[in-house]
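2 protein chains.
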Amino acid sequence: MFQLLQTDPSTKARRGRLITRHGVIETPVFMPVGTQGTVKAMSPDELREVGAQIILGNTYHLFIRPGMDVMRHFGGLHSFMGWDGPILTDSGGFQVFSLAKLREITEEGVHFQSHLDGAPCFLGPREAMEIQAVLGSDIAMLFDECPPYPCERDYAARSLERTLRWAAKCREVETPGLKFGIVQGATFEDLRRLAAEALVALGFDGYAIGGVSVGEPEFEMLRAVEYCEPFLPVDKPRYAMGLGTPPQMVEMVARGVDMFDCVLPTRLARNGTAFTSRGTINLKNAPFIYDKGPIEDGCLCAACRQFTRGYLRHLVKAEEILGLRLISQHNLYFYLGLMERIRRELEAGSFASFQQSFTAGYATHEIIL
Amino acid sequence: MFQLLQTDPSTKARRGRLITRHGVIETPVFMPVGTQGTVKAMSPDELREVGAQIILGNTYHLFIRPGMDVMRHFGGLHSFMGWDGPILTDSGGFQVFSLAKLREITEEGVHFQSHLDGAPCFLGPREAMEIQAVLGSDIAMLFDECPPYPCERDYAARSLERTLRWAAKCREVETPGLKFGIVQGATFEDLRRLAAEALVALGFDGYAIGGVSVGEPEFEMLRAVEYCEPFLPVDKPRYAMGLGTPPQMVEMVARGVDMFDCVLPTRLARNGTAFTSRGTINLKNAPFIYDKGPIEDGCLCAACRQFTRGYLRHLVKAEEILGLRLISQHNLYFYLGLMERIRRELEAGSFASFQQSFTAGYATHEIIL
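Going line by line, the protein sequences match chains A and B. Under numbering that gives the first Met the number 0, the letters of the first sequence match residues 0 to 368, in that order. Under numbering that gives the first Met the number 0, the letters of the second sequence match residues 0 to 368, in that order.
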């Protein structure tokens with residue numbers, strides 16, 4: 000399932016290959032997020048054009064709408080949305096805890112109300128895995144509780160114990176593809192280690208680090224990964240959930256992470272924000288009014304090959320759909336291109352120096368080029 | 000400039016060819032509307048894919064935003080928006096009277112406030128033509144007053160006189176492309192005739208019928224065209240502004256009209272409404288939930304080749320951008336395909352029977368297929 004092709008001599012970075020029912024994924028990999036059965040503003044053809052190897056689907060959202068009868072009728076998410084590449088689905092746990100209303104957590108799962116119409120719903124480990132089976136997921140994630148940040152140690156420990164009991168239940172449910180465990184444990188080193196060891200003892204096809212990118216400072220995010228990593232098997236892929244900014248991903252790769260997903264490229268695009276190798280720019284800003292250059296010089300994405308910053312600024316200001324479409328395309332091309340670059344640097348044995356120069360050259364705040 | 004290739008033996012329909020600086024247009028033609036320098040939700044590549052020969056730009060909107068300094072800086076609308084085919088621009092008259100606030104009409108033009116920020120603006124015949132020259136329009140429309148429906152005869156007559164005085168002024172302003180006069184006169188036969196004759200006496204490259212599709216019943220719309228048509232030269236193109244539904248366009252072609260523009264295909268798409276040869280369907284409707292068929296059987300547009308009604312319904316219900324993108328593509332493909340069909344029927348001498356069968360088969364209200 001996973002081939003570890005190369006390990007970096009001076010960091011923990013890894014070059015790998017993950018084989019799924021719908022295709023081979025070269026890692027490190029970034030996975031565009033298709034919450035409601037579509038990566039926002041992008042067509043499947045455009046996803047292939049920008050270089051997506053695998054995309055995400057959200058169990059919670061698809062369970063709420065269009066619902067499992069529809070998904071079953073259409074034979075799963077691949078055929079429903081017209082994407083024949085690999086799909087990873089989350090378990091719905093994160094959304095149940097972040098989006099849904101009036102939750103009641105029991106040993107069996109979570110009672111909640113749909114964020115759309117308040118309808119009463121239930122998701123537990125069995126249900127979450129069965130839904131992912133219906134979706135035809137190539138990589139199904141275990142149903143877990145994602146504790147908030149900050150989180151008291153007591154709650155984190157009790158929550159983790161339940162998440163691990165759920166993990167054992169999830170393991171028993173048959174799904175057509177791979178199954179990844181999710182390491183929780185909040186900001187506590189011993190809990191993270193305990194979680195990693197317990198999940199590895201159960202045995203999964205890959206391991207995710209969950210409970211990151213939930214509002215904690217960046218050093219806590221990196222530490223959470225550092226806490227888990229030594230206890231994860233080298234021959235299985237590691238996935239840091241919901242991450243991140245470009246330098247965060249580079250740092251995570253250096254810490255041994257292989258897979259990422261994040262809404263930033265498409266979410267920020269809808270606000271006029273574009274990624275460049277030096278940082279983000281907001282195309283709404285006045286300096287771009289007369290700018291005849293592309294979003295980033297040398298970028299070969301569809302937006303940069305054909306359109307100027309000045310035109311994109313106009314589209315964003317006029318709230319035209321083409322504007323956010325083009326910036327979404329550019330941003331995903333940038334994220335996927337960064338991962339391709341990382342893979343090449345790993346192959347060339349030059350990842351560490353790339354890591355240093357990329358991080359040094361990337362502004363953490365919005366820039367004006 | 001215009002070649003009349005063929006006239007229909009049993010109707011007034013015409014097959015023609017209009018030559019512009021940016022390309023040749025086969026008529027009858029439908030022109031997608033790109034109000035703010037983009038046809039809503041469509042990229043220029045997609046416009047070519049759906050078969051657009053020429054698109055519209057709106058003087059009023061581009062004058063307000065991004066403004067003429069920007070348009071001048073970018074060398075006109077073609078290069079600004081990345082469309083190298085022909086562009087027709089309206090004169091801004093229609094929007095000044097329908098969108099802008101606090102208008103004061105004088106002999107020189109119209110003082111108004113921007114609908115965006117209330118800024119005081121002025122557009123007159125000279126300004127409108129100069130703006131269209133800056134935009135690099137291939138077909139510039141004369142600045143006119145479009146009287147509302149219903150309209151008293153007295154006002155219609157006085158308004159028309161001023162519009163004709165403005166027409167003479169517009170004629171004097173140099174623009175790089177063709178110039179079309181606009182026949183006004185509201186619902187009054189003699190005023191329509193007067194307008195047509197006066198404009199023809201001045202001499203323009205084409206003639207538009209304005210003041211239609213402003214809320215009048217359909218028979219008034221058709222009559223307005225019938226009133227003008229006999230007084231328009233056969234060797235110049237005729238353009239019915241802001242029209243229409245598919246059967247309205249077919250009927251207008253039969254009455255000797257060559258050119259159409261309308262926001263319906265893209266505007267209705269954003270509401271989930273798709274065109275078919277039997278009428279419109281609204282993809283939000285429940286019967287489509289489990290529907291595995293394309294929007295229209297046999298349609299070769301990008302949406303129908305790849306996606307089901309069930310998936311499109313989900314996208315529309317979830318307010319996902321891909322949904323309105325795909326329906327916009329389908330609707331424009333349908334409109335442009337209808338015009339292509341009309342041209343072929345004209346060439347084959349079978350337009351009249353097509354007109355009859357199409358109109359009979361097209362429901363005027365939303366249908367369930």
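Be a bit skeptical, because a hint or two may be false.
No distinction is drawn between identical chains; accordingly, a pair holds when it is met within one copy or between any pair of copies.
Unchecked claim - Within a straight-line C-alpha distance of at most 30 Å, the following computed DSBU-like cross-link-like pairs (lysine-lysine) qualify: (1) LYS291 / LYS11; (2) LYS283 / LYS100; (3) LYS100 / LYS316; (4) LYS283 / LYS168; (5) LYS291 / LYS100; (6) LYS11 / LYS283; (7) LYS168 / LYS100.
Hints listed in this document are in silico derivations from the structure and should not be mistaken for laboratory results.
Status of the hints after comparison with the structure:
For the identical chains of this complex, LYS291 and LYS11 are neighbours neither inside a copy (42 Å) nor across copies (47 Å), given an alpha-carbon limit of 30 Å. Within a single copy, LYS283 and LYS100 get their C-alpha atoms only as close as 35 Å, which misses the 30 Å cut-off; across copies the closest is 26 Å, which meets it. When the C-alpha separation of LYS100 and LYS316 is checked against a cutoff of 30 Å, the pair qualifies only between copies, where the shortest distance is 21 Å, while the shortest distance within a copy is 34 Å. Taking identical chains as interchangeable, the C-alpha atoms of LYS283 and LYS168 are never at most 30 Å apart, the minima being 49 Å within one chain and 38 Å between chains.
With identical chains, the CA atoms of LYS291 and LYS100 are never at most 30 Å apart, being 47 Å at best within one copy and 33 Å at best between copies. In this assembly of identical chains, LYS11 and LYS283 lie within 30 Å of each other by CA distance neither inside one copy nor across copies; the values are 39 Å within and 50 Å between. Only within a single protomer do LYS168 and LYS100 lie at most 30 Å apart by alpha-carbon distance; the minimum there is 25 Å, versus 65 Å between protomers.
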